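Residue numbers (this note's numbering), protein chains in the order written: chain A, 1 to 78; chain B, 1 to 343; chain C, 1 to 330.
Honestly, the hints are just simulated from the structure, not real lab data.
It cannot be assumed that every hint is accurate.
Below, a list of computed lysine-lysine pairs in the PhoX-like style, where the Cα atoms sit at most 20 Å apart [stated by the list, open to error]:
id	chain 1	residue 1	chain 2	residue 2
1	B	303	B	270
2	B	303	B	212
3	C	118	A	44
4	A	61	B	119
5	A	44	B	195
6	C	118	C	146
7	B	109	B	119
8	A	69	A	44
9	C	43	B	195
10	C	146	A	44
One-sided and incomplete, this derived list gives chain B residues near chain A with beta-carbon spacing under 7 Å [stated by the list, open to error]:
id	residue
11	119
12	189
13	196
14	198
15	297
Predicted model only: the values in this text are computed from it and were never measured.
We put the CB at the ideal spot given by N, CA and C, even for glycine.
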Amino acid sequence: MSTAITVPDDLWEGDSEGVITAWLVNDGAEVAQGDLVAEVMVEKAQYEIEAPAAGVLTIAKQEDEVVEKGETIASLES
Amino acid sequence: MSMTTTGAGTRKLTIARAMAEATAQEMRNDPRVFVMGEDVGPLGGVFGNTRGLYDEFGAERVRDTPISETAFIGAAVGAASDGMRPIVELMFVDFFGVCMDAIYNLMAKNIYFSGGKVKVPMVLMTSTGGGYSDAGQHSQCLYGTFAHLPGMKVVAPSNAYDAKGLMTAAIRDDNPVVFMYHKSLQGMGWLGTEKGATVPVPEESYALEIGKATVVREGHDVTLVSLAAGVHHCLRAAQALEDEGFSAEVVDLRSLVPLDRETIRASVAKTGRLIVVDEDYHSYGVSGEIIASVVEHDHACLKAAPRRVAYPDIPIPFAPTMEQWALPNADKIVDAFHQMMLS
Amino acid sequence: MNHTPTTEQRLWMYRHMVLSRYLEERIESLYMEGKTPVFNMAKGPIPGEMHLSNGQEPCAVGVCVHLTPEDIVTATHRPHHIAVAKGVDLDAMVAEIFGKATGLAGGRGGHMHLFDAKVNFSCSGIIGEGLGPAVGAALSRKLQGKPGVAVAFMGEGAANQGAFHEALNLAAVWQLPVVFVIEDNAWGISVAKQASTAVPRNDRRASAYGMPGVHVADNDVEAIFSAAGDAIARAREGQGPTLIEIETARLAGHFMGDGEDYRPKGEKEGLKQRDPIPRYRRQLLDAELLDDISDTDLVEQAHARIEAAIRFAQDSEFLPPEAALEMVFV
C-alpha cells in the first residue's frame, strides 16, 4: 500500500509557498508513523512534516524545492 | 568515536535539532540542568537550538530572560557554583561585549580561584559567523577571543553528529564550556544552510570527548585544518584538488580548548604542508596558534611555508560585494595550495 | 510652557511620518525581491536583517521636531523613522541600506549602522549601546561650552541592560543635557515586556536616578511632542536629563520574516486599527489644517522624494571589494 506525504493544509496560515529545507530521513529508508521526516520553511518560520504512516520512503520533492500546501512531497510503501 | 555512515534507514538531524535533543536528554536525566537566554522559551531560540524544550520542560526550566546578559550569565555562574547545571545562550557571539566580565572574570576563573573547590558546570552557547550581510555587529566568529582566555573549554562543531555529542559532553562537564555554533550550519533555511552539516545522528544519548580533533578526509599532499563552517570549505577544496590530482587531508578541530595538537602534528608530519582556514580574524587568532603549534614542535616536517585563509583584520562589512570577497571559501584554499606549490 | 505644536510643526510631523512609512513600505517590497518563495537572508537587493519601524513613527517625529541638526541623536537597530525625522540625507541613507558606494558608509554599515555626522545621527545594532555615547556627546558640548542636547532612543527591552542604568546615573550625577526616550513596543523579539521587566512602566525608573520620568500613552503624536518639548527645553536650560517612555506599536515583526506566533491572536489587527498615521491625518483634517487636496499633495511629494532616493540607490555602484580594507590598519 502506498501513502502519500503531503504538506498539510493547516501547517501555516495563508497560502504562501514553502521550501523544503531538510529531509531528515534518506530516500529509501523505513520510517514509523509519526516520525519527523522533513522541515519546511515559510519566510523564517520552520514547520515539521511527520510520516502519516509506516513504510519505505520515496522522496518526490528534494531539498530546496518549493512546495505548496496539499502538495505531495514523498510517498510511503508498506 | 567515528562518524556513522550515511545510509538508508538512518535518521538525520540539523545542528539546531541535535543541540536541542542533547539538551532534552540531559534535562530528562538530570534535574539540575536548565536553560536560560533571550527567546529560548516558546520561540525555541532564534536559531532553533532550544526548539521543543519549553513544551516539554516548562517555563521553570526553560527560562526566557530579559535583555540582561550580564545578569543572566552571571546568574548562571552563581547557579552552577551552587549545584545546578545551567545552559545559557548569548544570542550572537558579537554581544559578548555587554557581558564579558561574567564570562571571563567569573565563569572562566572561579574554579581556579577557589583552588578547585567551587565547580562551574555551565554551558554558554552562542552563534557565530556571517555570510548573509548582517554586518559587523552580528557576523563575527571570535573563536580566538574566547580560546585565548584561560579557564573555559571552547567547542565549535561542523555537523549535527558532533554537535549532539559535544553538547552532551559540555552539559556533563564540571567545567564551563563555550559552545559556538555557526549560523550557516544550523539548519535554518533562511541562513542558507550548508547541507553537509545535516547528518545522521543516533537517537540514543552519547558524548564526544572534548578536546579531540578528527580527520574527516584523509590525504597525503596537504593538511587543511579548520573548524565549524570552515571544514565544509576545506572539504570542497579537497574535492577540487582531487580533481587536479592532489590529495588533501582535512582536520576538523571540533574543540579549540583543549586543542588537539597531536592530531594536527601527526597529519602535517604525513603531508608536509599546512593550510589553516578560519572565518575568525587573521591576526592573533586560531590560525596563528595552529601554525605555531606545528612549527614550534617540528619545523623540519614542512615542505613549504604554512599558509592561512582567514578573515582579514577588518570589521565585517555589510555590502555583499565586500563581505563575500573577504570570507574564506574553497577557491581561496585551492589558490593557497597552488601558491604553496609554486614557492 | 506651551507645548502645543504650531501648524507648521504639525504638518512637519505628519509629513515625516508619511516619508518614513513610505520608505519602509518600499524597503519591505524590495527586501522580498529574491527572497520568495525561498527566504534566504543573503539574497536580493537588500540582504541581511531588516528591522522595520512602522507604527513607531510618532516617537521619532514628536521628539525630533524639537531638534536642530546640531543636536545629537543615537538610535537603535530599528532606526529608519528616527533617521528620517533627524534629517539624515535620504539618498545616502537608502544607498547605505542597499550597500552602495554612495551610501553613508559606502555600504560598510548597512541598515543597522547608519551614521550621518552632518546631522549628528548614529545608531547601533547592540541593545542599549546608544546611551553611553549620547551621555558623552552631551558632556562634550558642556565641556566645549557649545549648545546642543543629546537624545538617546531605545526600545523598552534596553531598560533591562546595565548600560541603561549606568548611563542614566551618569547623566544625572553630571546634570548633562540628555533626553532618554524609550519606544515601548511591548515586545523584545518574542518576549513580552511584562515577562521581562519588573515594573510596568520604565519611566518610574527615573526616580532611582533623580530625574523626571514621563510616560506617554497610546502612541499619541502630540502628547509625545509635549513631553519631548518639555524635556528638551529642560536640557537646553541646563536642568539635566529626563527619561520618557512612550507606548508605541511595532506593526511588523521584530525583523522581516518573523512569523510572530508569539503575539496573542488579534493583537496585530488591533494595532493596525490604531495605526498612528491615519489617526494623525484624521486629526489634522478635523482641525482643518489639512484637506484632501493638500494631503494628496503632501503624500505624493513624500512618495516622490522616497522614489528618488531609491532610484539613486539602485543606480549607484558598489565600492570595489578592496575598499573593505580601508581605515582599519590592515
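Consistency of the hints with the structure:
no., hint, result
1, 303/B x 270/B, "holds, 11 Å"
2, 303/B x 212/B, "violated, 26 Å"
3, 118/C x 44/A, "violated, 37 Å"
4, 61/A x 119/B, "violated, 50 Å"
5, 44/A x 195/B, "holds, 18 Å"
6, 118/C x 146/C, "holds, 16 Å"
7, 109/B x 119/B, "holds, 10 Å"
8, 69/A x 44/A, "holds, 17 Å"
9, 43/C x 195/B, "holds, 18 Å"
10, 146/C x 44/A, "violated, 48 Å"
11, 119, "violated, 36 Å"
12, 189, "holds, 3 Å"
13, 196, "violated, 12 Å"
14, 198, "holds, 5 Å"
15, 297, "violated, 41 Å"
Comparing the model with each numbered hint stated earlier shows that hints 2, 3, 4, 10, 11, 13, 15 do not hold.
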